[in-house]
Amino acid sequence: MLEALIGFLKGLFVFAGHVSLRGGFPEKLTEAEEKALLLRLSQGDEEAKSELIERNLRLVAHIAGKYRARGRDADDLISIGSIGLIKAVSTYSPARGKSLAAYAGRCIENAMLS
186 MLEALIGFLK
196 GLFVFAGHVS
206 LRGGFPEKLT
216 EAEEKALLLR
226 LSQGDEEAKS
236 ELIERNLRLV
246 AHIAGKYRAR
256 GRDADDLISI
266 GSIGLIKAVS
276 TYSPARGKSL
286 AAYAGRCIEN
296 AMLS
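In the working numbering, the protein residues as written are 186 to 299.
Think of the hints as simulated: they come from the structure by calculation, not from any bench. Worth double-checking, as some hints may not be accurate.
[Said to hold, decoys possible] No farther apart than 27 angstroms at their CA atoms in a straight line, the calculated lysine-lysine pairs in the DSSO-like style are these:
| # | residue 1 | residue 2 |
| --- | --- | --- |
| 1 | Lys283 | Lys272 |
| 2 | Lys220 | Lys283 |
| 3 | Lys272 | Lys234 |
| 4 | Lys234 | Lys283 |
Keep in mind it's a predicted model, so treat the numbers as computed, not measured.
Hey, can you work out the whole structure from these sequences and the hints?
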């Protein structure tokens, strides 16, 4: 439980830092960059995990925009969606046959809907 809370707070810190300091999100990963980071992640590299989360935050914002139109609070959606993204990066396996973005998108939406 404590680990999940720490992970959540890390995600929020990363998100807030990128949006407020840079005025936007980090660049989207290229396919080669994503594969390299996923390989490092499979070897237990926590920095790779953090970078995958940071570089996919725009996906959280995009999905939050869809639900915000339904009257939900944007800040809440982004917070909840960030948890979904963290879970997605933590549990993703390329063997599932889906891209990380497709898998993360579903995890983010599930988090926002629950």
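Tested hints:
Between lysine 283 and lysine 272 the CA atoms are separated by roughly 16 angstroms; this keeps the pair inside 27 angstroms, and the hint holds. A threshold of 27 angstroms between alpha carbons decides the hint, and for lysine 220 with lysine 283 the separation of about 13 angstroms falls inside it, so the pair holds. Among the hinted pairs, lysine 272 with lysine 234 is consistent with the structure: their alpha-carbon atoms are about 11 angstroms apart, no more than 27 angstroms. For the proposed pair lysine 234 and lysine 283, the alpha carbon gap of about 18 angstroms is at most 27 angstroms, so the pair holds.
The earlier numbered hints are all upheld by this structure, with none contradicted.
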